[in-house]
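Could you build all of it, start to finish, from the sequences and the hints given here?
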Amino acid sequence: MRDVAIIGVKNTSFGEQWDRSFRDVVVEAGVGAVGDAGVVGEKIDSMFVGNMSGGQFVEQEHIGALIADYSGLSKDIHVPSTRVEAACASGGLALRQGIYAVASGMDDIVIAAGAEKMTDVPSPKASSALAAAADREWEGIMGATFPGLYAMIARLHMHKYGTTSEQLAEVAVKNHHNGQHNPIAQYKSQITVESVLKSIMVADPLHIFDCSPITDGASAVVLAPADVAHEYTDTPIYVKATAQASDTIALHDRRDITTLDASVAAGKRAYEMAKMKPKDIDLVEVHDCFTIAEICAIEDLGFAKKGEGGIVTQNGETEIGARIPVNTSGGLKSCGHPVGATGVKQAVEIVEQLRGEAGKRQVDGAEVGMTHNVGGSGATAVVHIFSRDR
Amino acid sequence: MIIMSVPRFWRKQIARYNLVGTHCKKCDEYFYPPRNMCPGCRREGEIEDFKFSGNGEVVTFTVIHTAAEGFEGQTPYVLGIIKLEEGPSLTSQIICDAKNVEIGMKVRPVFRKLGQAGERGMIYYGTKFVPEESEKC
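Heads up: the sequence lines are chains S and V, in that order. Residue numbers for the first sequence follow my numbering, so the first one is 1 and each next one is one higher. Residue numbers for the second sequence follow my numbering, so the first one is 391 and each next one is one higher.
In case anyone wonders, no lab produced these hints; they're calculated from the structure. A few of these clues could be false.
What the hints assert, rightly or not - In silico DSBU-like cross-links for lysine-lysine, where the CA-CA straight-line distance does not exceed 30 angstroms:
1. 416/V / 489/V
2. 306/S / 160/S
3. 402/V / 125/S
4. 416/V / 441/V
5. 415/V / 496/V
6. 160/S / 473/V
7. 268/S / 279/S
8. 402/V / 441/V
9. 416/V / 402/V
10. 279/S / 305/S
11. 305/S / 473/V
12. 489/V / 415/V
13. 441/V / 503/V
14. 489/V / 198/S
15. 415/V / 160/S
16. 125/S / 75/S
17. 496/V / 306/S
18. 188/S / 75/S
19. 125/S / 188/S
20. 160/S / 43/S
21. 503/V / 125/S
22. 416/V / 503/V
23. 306/S / 415/V
24. 306/S / 198/S
25. 75/S / 43/S
26. 489/V / 306/S
27. 360/S / 277/S
28. 277/S / 306/S
29. 160/S / 75/S
30. 160/S / 489/V
Below, the structure is given as structure tokens:
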């Protein structure tokens with residue numbers, strides 16, 4: 001198996017982009033990443049695109065071909081393009097498929113992208129589309145919503161470990177703080193614990209400010225064999241681990257409602273592949289679709305003991321400059337959550353950090369970063385570890 | 391609103407109405423929602439239908455204020471994970487004043503309307519839960 005490097009990255013701006021279509025945002029991300037890598041279309045061997053639900057959000061399937069076409073990669077050169085879907089983990093999984101393609105030796109230059117255009121439908125329709133990531137037959141039919149499922153995780157976490165609404169709110173406050181320095185972030189406004197607790201209740205105990213928003217956006221990276229990466233860039237970022245795990249589709253079937261066993265398993269596989277431990281990670285982008293999800297993630301990935309995610313957050317240990325900076329991009333909460341793009345956006349953030357290009361949100365001396373992307377309430381987890389050193 | 395297409399709902403009607411799940415005779419594991427493949431012994435499993443008593447307790451719950459599509463008229467409603475006495479857990483609504491619901495509370499099943507496909511459309515029924523001590527309702 002060959003070592004793989006990221007040689008180019010691009011995020012579009014994230015937010016409500018009324019004036020731009022699905023294909024507009026994807027092409028911007030893809031062209032930007034290819035430009036950053038300095039490769040030409042003829043060099044591209046394949047592309048993988050994470051997209052959760054073009055069918056429901058823009059009534060468009062056959063996303064792979066569409067994107068290849070509008071990126072100018074279909075005419076004459078006929079670059080193969082594959083759509084990858086794992087709900088909100090679609091982006092992370094597209095990246096993983098791209099890494100497979102390069103690592104296997106089948107392809108050399110590969111684009112891994114992710115995209116979602118969520119604001120072309122009314123928000124109840126968007127929520128309904130997202131609910132399809134849970135078990136429609138046995139959760140959705142009873143009136144379950146995504147905030148509702150994560151609220152049930154939060155409720156039990158509070159009951160078992162004494163986690164508080166204030167601790168949940170601290171996740172949102174920190175992520176908005178980080179997001180203000182991210183040019184692509186959907187929300188650069190600052191919030192306080194009080195404003196989170198005063199915001200309307202969506203699914204008790206989760207307020208609207210505990211929830212990530214509905215977002216349009218796309219992200220892309222260009223992958224290459226590590227042996228040739230220096231031909232394209234002075235600062236290739238190496239893929240040290242790619243890992244994925246599955247768990248039950250329904251929350252009610254989990255071994256422990258407050259642990260995402262898929263995150264634990266994917267994290268363990270990633271640490272083994274990279275021959276690293278949590279203490280070796282300088283920063284991590286975790287899947288904070290809801291504030292409770294970040295608390296579970298830092299526990300499940302070994303950055304906090306089980307049950308102490310809330311306290312660790314409240315103590316400031318996950319801020320930039322502290323023990324383990326979490327979600328320097330602003331996370332899904334502040335940066336936004338175009339579901340198919342998020343997993344790739346996380347990788348773009350880590351690459352920018354490891355290159356030292358993250359501006360005011362830069363983690364000093366960052367050498368190793370991790371991404372953690374979750375599908376549904378935890379039925380899929382994808383974890384990657386990236387490093388400046390091969 | 392459409393919760394689910396008629397044939398899709400109808401296929402699992404007995405399971406939804408009467409809490410009929412499955413049981414693996416080999417592993418002695420119970421499944422609700424029903425599974426036809428035992429995750430314990432997979433192809434070796436011997437699966438049979440099993441009707442659950444419906445007695446259980448609340449593992450966790452939430453009060454939903456922003457409803458799922460089709461449930462807008464029901465807010466706020468209590469959604470919970472119920473652990474049945476035979477072992478498996480399921481997601482359902484708990485019909486109870488939200489302030490009286492607590493983790494560990496004993497519940498029993500009731501046959502209730504889940505929703506309706508438009509004014510003249512099909513009515514969906516299923517199993518919801520109420521506190522065992524009915525004064526908590």
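Distance restraint between residue 415/V and residue 496/V, which requires alpha-carbon spacing of 30 angstroms or less
Distance of about 27 angstroms is within 30 angstroms: holds.
Residue 306/S and residue 198/S were given as a pair; does the straight-line alpha-carbon distance stay at or below 30 angstroms?
holds (28 angstroms)
Between residue 416/V and residue 441/V, is the straight-line Cα distance small enough, at 30 angstroms or below?
The given pair, whose Cα atoms are some 18 angstroms apart, holds under the 30 angstroms limit.
Does residue 306/S lie within 30 angstroms of residue 489/V when you go C-alpha to C-alpha?
Since the Cα atoms of residue 489/V and residue 306/S sit roughly 28 angstroms apart, the hinted pair holds (cutoff 30 angstroms).
Need the status of pair residue 305/S, residue 473/V: alpha-carbon distance at most 30 angstroms?
The hint holds at about 26 angstroms.
Mind checking the alpha carbons of residue 489/V and residue 198/S for me, to see if they're no more than 30 angstroms apart?
Given that 30 angstroms is the threshold and the Cα spacing comes to 19 angstroms, the pair holds.
Can you confirm whether the C-alpha distance between residue 268/S and residue 279/S stays at or below 30 angstroms?
With Cα atoms ~13 angstroms apart, residue 268/S and residue 279/S stay inside 30 angstroms; holds.
Does the alpha-carbon distance linking residue 188/S and residue 75/S stay inside the 30 angstroms limit?
violated (40 angstroms)
Taking only the CA atoms, is the gap from residue 160/S to residue 75/S under or equal to 30 angstroms?
violated (58 angstroms)
Take a quick look at whether residue 496/V and residue 306/S sit within 30 angstroms of each other, Cα to Cα.
holds (27 angstroms)
What's the verdict on residue 360/S and residue 277/S, does the C-alpha distance respect the 30 angstroms limit or exceed it?
Holds, at about 27 angstroms.
Sort out whether residue 75/S lies within 30 angstroms of residue 125/S, counting only the CA atoms.
Not satisfied, since the Cα-Cα distance of roughly 35 angstroms exceeds 30 angstroms.
The structure does not agree with the numbered hints 1, 12, 15, 16, 18, 20, 22, 23 and 29 stated previously, though it agrees with the rest.
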